Amino acid sequence: MSRKKKKKKYRVFWFFAKLQFVLMLLVAAALGYYYYGGYAVQVQKMKAEAVRFVRGSTEATFCVAQTSVVYDKDGNTISTLKGEKDVYYLPYEDIPSDACAAIVSIEDKKFYQHNGIDYRAIFRAARAAIENGEVTQGGSTITQQLARTIFLTQDRTWQRKVEEMFIATELEKKYSKNKILEFYLNNIYFGNGYYGIQAASRGYFNADVNDLDLSQIAFLCAIPNNPTLHDPLTNMQNTLGRRDRILLNMYEDGKISKGAYLMAKSEEITLNRPEHTKNNYVETYTYYCAIRLLMEREGFVFQTEFKNDEEKSLYDTRYSDLYAECQKKLFTAGYRIYTSMDLKLQELLQKTIDEKLSGFTDVNEEGVFKLQGAGVCIENETGYVRAIVGGRSQDFAGYTLNRAYQSYRQPGSAIKPILVYTPALEQEYTPDSIVVDEPIEEGPSNADGSYSGEMTLRSALARSKNTIAWKLLEEITPKKGLSYLKAMKFSRIADEDERLTSALGGLTNGVSPVELTAAYATLENDGKYRAPTCIIKITDADGNEILSTSQEETNIYKTTAARMATNMLVTAITEGTGRGLGVTGMPSAGKTGTTNDNKDGWFAGYTRYYTTSVWVGYDMPRELNNLYGGSYPAQIWKDAMEALVEGSEHERFETTTEIVNGDEKYYPGRDGSEVLSPGYTVQNYRDDHALADRIEALIAQIAQETDRGQQEAYYEQAKALAEQIYGQTLKGAQRR
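At position 701 of the sequence shown (counting the first as 1) the number is 701 in my numbering, and the numbers step up by one without a gap.
Bear in mind the hints are in silico, worked out from the structure with no lab data behind them. Some hints could be false.
What the hints assert, rightly or not - Pairs of lysine-lysine, BS3-like flavour, derived with a Cα cap of 27 Å: (1) K110 - K173; (2) K47 - K179; (3) K599 - K307; (4) K177 - K110; (5) K258 - K109; (6) K177 - K109; (7) K307 - K479.
Computed from a predicted structure; not experimentally measured.
Hey, can you work out the whole structure from these sequences and the hints?
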């Protein structure tokens with residue numbers, strides 16, 4: 001051997017010797033860190049817990065689910081929620097072989113070779129964790145997924161991952177591979193409340209899984225990997241894409257022939273959901289609110305703003321994972337969910353929307369009405385949602401989109417009070433401040449194409465002047481105006497919305513009816529925001545409280561500004577674009593909203609009792625003649641609100657005052673808590689309304705009285721009382 005070759009061999013030997021020495025040092029350091037850092041104790045504890053979990057399990061452990069129950073405000077049952085594993089559980093021999101092959105092919109190719117852990121897959125996940133700073137991808141075998149589903153949470157922590165591995169190895173010791181696959185396919189989540197492949201088959205195809213063909217089975221097996229991303233009701237293309245990947249895997253693994261692969265891939269999937277699985281709008285919103293509260297209980301912090309796309313993507317992943325986990329608990333944990341929903345009000349609002357839009361009968365390819373409406377009603381005293389309608393009533397088996405909280409549309413002028421006018425009232429403006437309606441270079445025109453010159457701020461809002469809203473937002477700045485919406489948890493505000501077109505409702509992503517209703521309820525509540533929800537409390541099956549809501553208030557607007565805005569919105573209904581739409585015999589405040597080309601119509605408003613907003617439009621935006629805020633939406637709002645407050649006492653809004661040229665002017669309200677104007681005191685104010693109430697009572701008696709003489713006596717009494725109010729008390733008083 002030449003000297004050169006010997007020298008090279010010598011260098012290689014010492015390189016590997018040094019490398020081995022370094023590795024030994026690293027292992028020693030890792031072991032020292034493991035023991036002296038306290039991790040050994042944690043790991044031993046997790047291993048002992050894993051052994052206890054599995055030893056205590058039986059086959060019944062994998063097929064038991066408790067039923068959860070939802071109640072309305074009066075304790076009546078709204079719905080029951082259960083995974084129905086006990087009803088739809090299939091033994092291994094009854095599960096189609098294609099289903100087993102499909103799930104193994106896509107989730108865990110080495111399922112029949114490993115002892116519960118695929119170390120190569122874990123190394124890949126570990127490398128991704130090092131690159132991303134946390135566990136972000138798979139590595140879990142079918143057995144590990146089963147361990148997590150039955151015994152653990154979905155937390156992405158090293159502790160959960162280690163315990164999951166311990167449980168998986170213990171499961172493999174106790175149960176056969178076929179039994180583990182049986183447990184898995186009967187317990188994984190297929191979205192929309194379906195746990196197990198038989199329940200999913202019944203839910204999506206209204207058929208037993210044994211009656212499905214290869215393409216349909218692969219389609220179902222595409223869902224569990226990410227039930228939100230691959231939800232066939234909302235993301236059909238994603239589901240089909242993963243189905244095709246599963247079919248390709250099965251072909252490459254030799255499980256199906258090329259012909260079967262091509263035929264299954266080309267098959268068109270048509271869902272056939274049984275009618276009884278369709279949730280109405282009360283149920284879907286209730287589940288949504290309950291799940292988010294359970295997420296909060298787990299420590300999740302909701303965000304609407306992000307530094308960059310990467311932060312948002314990471315947030316979306318965490319949200320989706322935890323949402324799915326909490327949704328599973330909702331269906332299987334035996335909760336008792338107490339809500340604020342009033343089924344009578346719900347029926348009333350639904351009926352009103354259905355009747356007002358009944359003339360529009362065109363439907364889309366799925367049979368859903370093209371023209372839709374949505375409405376939300378919040379009780380002002382408590383801040384809770386009492387009724388929510390996400391669309392028109394229809395009897396069909398398809399998915400019901402709840403447009404009241406799931407759809408976002410441009411709000412038109414309905415945004416002006418909360419984005420522009422109330423913020424302006426917090427500064428130097430008052431309802432009687434003079435503004436100038438005039439053309440603006442490169443600015444908007446008014447809806448009627450005319451300009452009115454000098455006018456009060458009150459009149460500008462009542463008549464929905466675009467030029468005034470534009471100039472006000474320019475003065476307070478779009479960033480400042482949008483900060484009020486962000487503080488009220490409007491979830492789709494974009495950076496691009498920091499522009500003057502937002503003053504007219506030209507928001508990039510729009511708002512939902514729930515968001516708009518909560519914002520208007522904030523004005524009625526003296527500027528204090530309460531996050532909209534219908535959940536009062538959740539208990540376990542034994543009545544132990546899991547969580548409750550207290551409707552905490554956040555100061556958004558100054559009290560005086562909110563009260564002045566309310567008074568201006570009263571004028572919008574009595575004299576402005578909402579003229580004639582007020583609730584009969586009761587002060588009402590509200591605002592219309594119409595988008596460009598009459599694609600969306602809104603009406604949002606309130607009495608002392610309820611705040612309600614209504615949206616009307618097409619799911620796929622398009623123009624509709626005669627659709628504007630004051631047409632269908634306002635008619636729905638008026639009819640619904642009339643019925644909502646029927647029999648309620650006549651209550652006025654809160655009072656506020658302002659100083660104008662050294663004199664106090666007031667805006668009529670409910671309690672009269674301050675001196676109002678020269679010559680007109682709080683006592684005058686209260687006496688006026690007491691007399692007015694007596695007049696109303698006398699008028700009611702006249703209508704009921706059959707004796708003409710008695711009718712005339714009542715009339716004279718009412719006339720005398722009216723003279724007291726309008727003859728003497730108002731001399732020198734300044735009223736608006």
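Decide if the proposed pair is consistent with the structure: K258 and K109, CA atoms, cutoff 27 Å inclusive.
The given pair, whose Cα atoms are some 19 Å apart, holds under the 27 Å limit.
Taking only the CA atoms, is the gap from K599 to K307 under or equal to 27 Å?
33 Å, violated
Within 27 Å, alpha carbon to alpha carbon, are K47 and K179?
23 Å, holds
Take the C-alpha atoms of K307 and K479, compute the straight-line distance between them, and say whether it is at most 27 Å.
16 Å, holds
Mind checking the alpha carbons of K177 and K109 for me, to see if they're no more than 27 Å apart?
13 Å, holds
Please verify whether K177 and K110 have alpha carbons no more than 27 Å apart.
11 Å, holds
Between the alpha carbons of K110 and K173, is the straight-line distance 27 Å or under?
Distance ~17 Å between K110 and K173 Cα, so the pair holds.
Checked against the numbered hints above, the structure violates only hint 3.
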